[in-house]
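K.L.:
Spelled out, the chains give:
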Amino acid sequence: MTTNVELPDLGGIGLIRYAWRQLTSMRTALILLMLLGIAAIPGSLIPQRTQNPMAVSEAFKNSPDLTKWMDRFSLFDVYGSAWFSAIYILLFISLIGCVLPRALEHFHAARALPPATPKNLNRMEFYSTWTASGNELEIAREWFKSKRFRVLEGDGTLSAEKGYSRETGNLLFHTALILILLGISFSSLFGMRGEAILNVGERFVNTPTSYDSLAYGKLFKDGNLESFILTVDKFDAKYNVVTNAPEDYTLNVSLLRKDFSTLEKHVIKVNSPLAIGNTKIYLQANGYSPVVTVRDSKGNVAMQGPVPFLPQDANLRSIGAIKVPDADPQVGFVGSFVPTYQRSNGNGAISVFPEALDPRLLLSAWSGDLGLDSGTPQSVYRIDTSSMSQIGLKSLKPGEVFTYSGGSITFEGYVQWVNLQIVDDPGKNFALLGAIVAILGLLASLFTRRRRIWIRAGESIEVAGLAKNAAPGLEQEIAVFIKELKGEK
Amino acid sequence: MSRTWAYLSNYLIYSSMAVYTLSFFAHAVETAWALRVTDATSSKRFDYKRTERVARIATAMMILGFLLLFAGVIARGISAGRVPWGNMYEFSITGALAFSGAYLAALRRYDLRWLGLLVSIAVLLTLGTAVAVLYRPSAPLVPALKSTWLVIHVSAAIISGGVFLLANAVAAAYLYLDSMESKGERTAWAKRLPSLEYLDQLSYRLVAFVFPLWTFAVIAGAIWAESAWGRYWGWDPKETWAFITWVAYAAYLHARVTVGWRGRRAAWLCLFAGSTFLFNYVYVNVWGTGKHTYSGL
Ligand code: HEM
Numbered sequence: 001m002t003t004n005v006e007l008p009d010l011g012g013i014g015l016i017r018y019a020w021r022q023l024t025s026m027r028t029a030l031i032l033l034m035l036l037g038i039a040a041i042p043g044s045l046i047p048q049r050t051q052n053p054m055a056v057s058e059a060f061k062n063s064p065d066l067t068k069w070m071d072r073f074s075l076f077d078v079y080g081s082a083w084f085s086a087i088y089i090l091l092f093i094s095l096i097g098c099v100l101p102r103a104l105e106h107f108h109a110a111r112a113l114p115p116a117t118p119k120n121l122n123r124m125e126f127y128s129t130w131t132a133s134g135n136e137l138e139i140a141r142e143w144f145k146s147k148r149f150r151v152l153e154g155d156g157t158l159s160a161e162k163g164y165s166r167e168t169g170n171l172l173f174h175t176a177l178i179l180i181l182l183g184i185s186f187s188s189l190f191g192m193r194g195e196a197i198l199n200v201g202e203r204f205v206n207t208p209t210s211y212d213s214l215a216y217g218k219l220f221k222d223g224n225l226e227s228f229i230l231t232v233d234k235f236d237a238k239y240n241v242v243t244n245a246p247e248d249y250t251l252n253v254s255l256l257r258k259d260f261s262t263l264e265k266h267v268i269k270v271n272s273p274l275a276i277g278n279t280k281i282y283l284q285a286n287g288y289s290p291v292v293t294v295r296d297s298k299g300n301v302a303m304q305g306p307v308p309f310l311p312q313d314a315n316l317r318s319i320g321a322i323k324v325p326d327a328d329p330q331v332g333f334v335g336s337f338v339p340t341y342q343r344s345n346g347n348g349a350i351s352v353f354p355e356a357l358d359p360r361l362l363l364s365a366w367s368g369d370l371g372l373d374s375g376t377p378q379s380v381y382r383i384d385t386s387s388m389s390q391i392g393l394k395s396l397k398p399g400e401v402f403t404y405s406g407g408s409i410t411f412e413g414y415v416q417w418v419n420l421q422i423v424d425d426p427g428k429n430f431a432l433l434g435a436i437v438a439i440l441g442l443l444a445s446l447f448t449r450r451r452r453i454w455i456r457a458g459e460s461i462e463v464a465g466l467a468k469n470a471a472p473g474l475e476q477e478i479a480v481f482i483k484e485l486k487g488e489k
Numbered sequence: 001m002s003r004t005w006a007y008l009s010n011y012l013i014y015s016s017m018a019v020y021t022l023s024f025f026a027h028a029v030e031t032a033w034a035l036r037v038t039d040a041t042s043s044k045r046f047d048y049k050r051t052e053r054v055a056r057i058a059t060a061m062m063i064l065g066f067l068l069l070f071a072g073v074i075a076r077g078i079s080a081g082r083v084p085w086g087n088m089y090e091f092s093i094t095g096a097l098a099f100s101g102a103y104l105a106a107l108r109r110y111d112l113r114w115l116g117l118l119v120s121i122a123v124l125l126t127l128g129t130a131v132a133v134l135y136r137p138s139a140p141l142v143p144a145l146k147s148t149w150l151v152i153h154v155s156a157a158i159i160s161g162g163v164f165l166l167a168n169a170v171a172a173a174y175l176y177l178d179s180m181e182s183k184g185e186r187t188a189w190a191k192r193l194p195s196l197e198y199l200d201q202l203s204y205r206l207v208a209f210v211f212p213l214w215t216f217a218v219i220a221g222a223i224w225a226e227s228a229w230g231r232y233w234g235w236d237p238k239e240t241w242a243f244i245t246w247v248a249y250a251a252y253l254h255a256r257v258t259v260g261w262r263g264r265r266a267a268w269l270c271l272f273a274g275s276t277f278l279f280n281y282v283y284v285n286v287w288g289t290g291k292h293t294y295s296g297l
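Protein sequences, first through last, are from chains U and X. Going by the UniProt record's numbering, the first residue of the first sequence is number 1, and it counts up by one from there. Going by the UniProt record's numbering, the first residue of the second sequence is number 1, and it counts up by one from there.
Here chain U stands alone, though its shape is the one from the complex (with noise of 0.2 Å):
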């Protein structure tokens, strides 16, 4: 079926002006706007690569074709797909070429009088004629005055307006939503994000490749990383021993800040980030290291430090790998620490409280190739075991020593880690600023009745209203309007 839709003989500009036209229209925006909230729902239910790539993994190993099938429309990745940003960009250029226009014509008529007093006033909503009695015009003159209507003189009448704020507000408001969107963008081009798992004791200096994981904005350069060297001096876990929840986390640093001279101590809290210039530090996770001492079969040192695990459960079971590639051959253990050590049946060693009361380090030697040649990239918190035989398993308590043949392998305690988050985020500050002017806006807009009031004085008085947008309260007000003209009080 064809239908001859007639279609104005546009060209290419007309054309160009005539998707512009479209695209700025409130309609298009208020789709865009709409589209963006039912775009954000997948993301909601099905798990998000930045937020639990745990979950993310699980699921492409349950049902691999499915999952393919998804990411292609980038379902695991919603927030940051192409889809999901065309619907923003959209309605930040709809936005700004629907409100910027308005905002200027407001402006201009910001400044303007009412118009003049209309011939037949009796046609308004509130209406209301008596006989004059001389001063009706001098007394609505100051009534308005000490109101604050503008008011628009003419012959023998008043035309008096209030409220124009309430357009005014509507205007901030979505003006306001531009700068948000702006402060978003400014901050995902010249922003950067890292993070970085120190154990209690080690330095950090500021340079990428001091991070576990690191993001930069597009327009970000590695120059720009501010310069700092920060300790980790001591790390407090408290936790509830009734329900073995934390109830506070104390991380004290010191810090070496560009001029390398003065040496800071700082405390970072869960909600008291540390910031150095526009740079912000966060304390973000924590967990245990065991600390080790891996010996060949002639007592000489092969490895030795702490080694982050990564928690469990809430109760800090943390699963790990020492790898000691030096070693000939190569040996590797696959470990499970466990702050307060507990047996269970079934479930082997598992740990009753998140502090380290009675730690043990659970481990499963493996001798022969730990695969770290071969280019594909490895977790540290796992061995590949496919080309190495087990030779041993053993539990060990803080100080004990694991012998196996070819080596041997030392418990010596453990120190616990954080996970620094490391922001900066140069947009923040306009997105702050557009959603408090957002709040005022609204304020203003849904809290501001606009209404026009005209007098009129001849041998009677005439005195009418008009409330815009059917605002309520302006029967009472004229009614106090005319009390007053009739000098009743």
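Keep in mind the hints are simulated off the structure, nothing from the lab. Small disclaimer: the values here were computed from a predicted structure and weren't measured. Quick reminder that beta carbons are idealized off the backbone N, C-alpha and C, glycines included. Don't take each hint at face value.
For each label pair, taking beta carbons as the anchor points, the in silico distance ranges come out as [unchecked claim]:
1) U:Asn224 - X:Phe209: 42 to 48 Å
2) X:Tyr198 - U:Leu113: 34 to 40 Å
3) X:Phe70 - U:Gly134: 54 to 60 Å
4) X:Trp268 - U:Ala19: 28 to 34 Å
5) U:Ala116 - X:Arg53: 52 to 58 Å
6) X:Gly81 - U:Ser85: 40 to 46 Å
Okay, derived cross-link-like pairs now, PhoX-like style, lysine-lysine, Cα gap no bigger than 25 Å in a straight line [to be verified]:
7) U:Lys265 - X:Lys146
8) X:Lys146 - U:Lys280
9) X:Lys146 - U:Lys238
10) U:Lys269 - X:Lys146
11) U:Lys234 - X:Lys146
12) U:Lys162 - U:Lys119
For chain U, the structure is supplied; the task is to place chain X with the ligand on it using the hints.
P.N.:
Relative to the frame of chain U, chain X with the ligand by itself:
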């Protein structure tokens, strides 16, 4: 000390449930009398005095229930040494408080006593679920929740929620009466209820009144997230649904003010927006993942 306060809180909440139940019965009696006496075919005159008296008792019980619940929530806070918004039990009792508070506040300006039956049922169901399913012993907060922004953000969100749900109740009443009217005249008892236009305006006013507060609640949440997690917006499920609710209400306001939607369509949109709020509360707290799962379940 804290154990005593926790027990006291539980007693206060049980008593408030008892009083809300009395309020529920009084509302039910009022409604039943109104149904019977205003039967159009009956020659009996409507005895307003009698129903007026029960209606007053019902409202008085609602106020008393509110005060007891308020005291219960405060005692819970004292027992834990913090604001009482750390898990879903506490969110639920505070949410019920906000909802009946919003109703009582609106009652000062509008005669909404006809809604009392619905309100008392909703409050009782919420408190019942809280006590029976969601109850957790009183305990201190996890570190991420220790912030002034918890107080600011959550109080704004809970008050907004109370008013949004009240607007939903009014919109639902609109739709019910509208369908009744479209079949002919209102049934006798429903004649006492306000006009459709009044309900339409009322639900709009409630939404317009709290929309800025909800906007503020979302922004306060973002500021808090910035200080706790290093980003002010991360599309966490809770944040995402707060945004969806915001968009839905913005669409509702727009539809009314700029496109001129009224009546049935506006009421449905209002219900839809309110349901995104409820969804966020129930689904994301119970089944969701992410940084916001403090339900304690
Ligand atoms: C892009 C073009 C847009 C235009 C031209 C526009 C225009 C308007 C207008 C004319 C009003 C009514 C003002 C009044 O008469 O009081 C309004 C109200 C409003 N707009 Fe928009 N808008 C746009 C986009 C948006 C967006 C993206 C949002 C996002 C949430 C939004 C949220 C609101 C809200 C909350 C109100 C208040 C409604 C009320 O006064 O009750 N608008 N807008």
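K.L.:
Could you tell me which of the numbered hints above are not met by this structure, giving the numbers in increasing order?
P.N.:
The structure breaks none of the hints.
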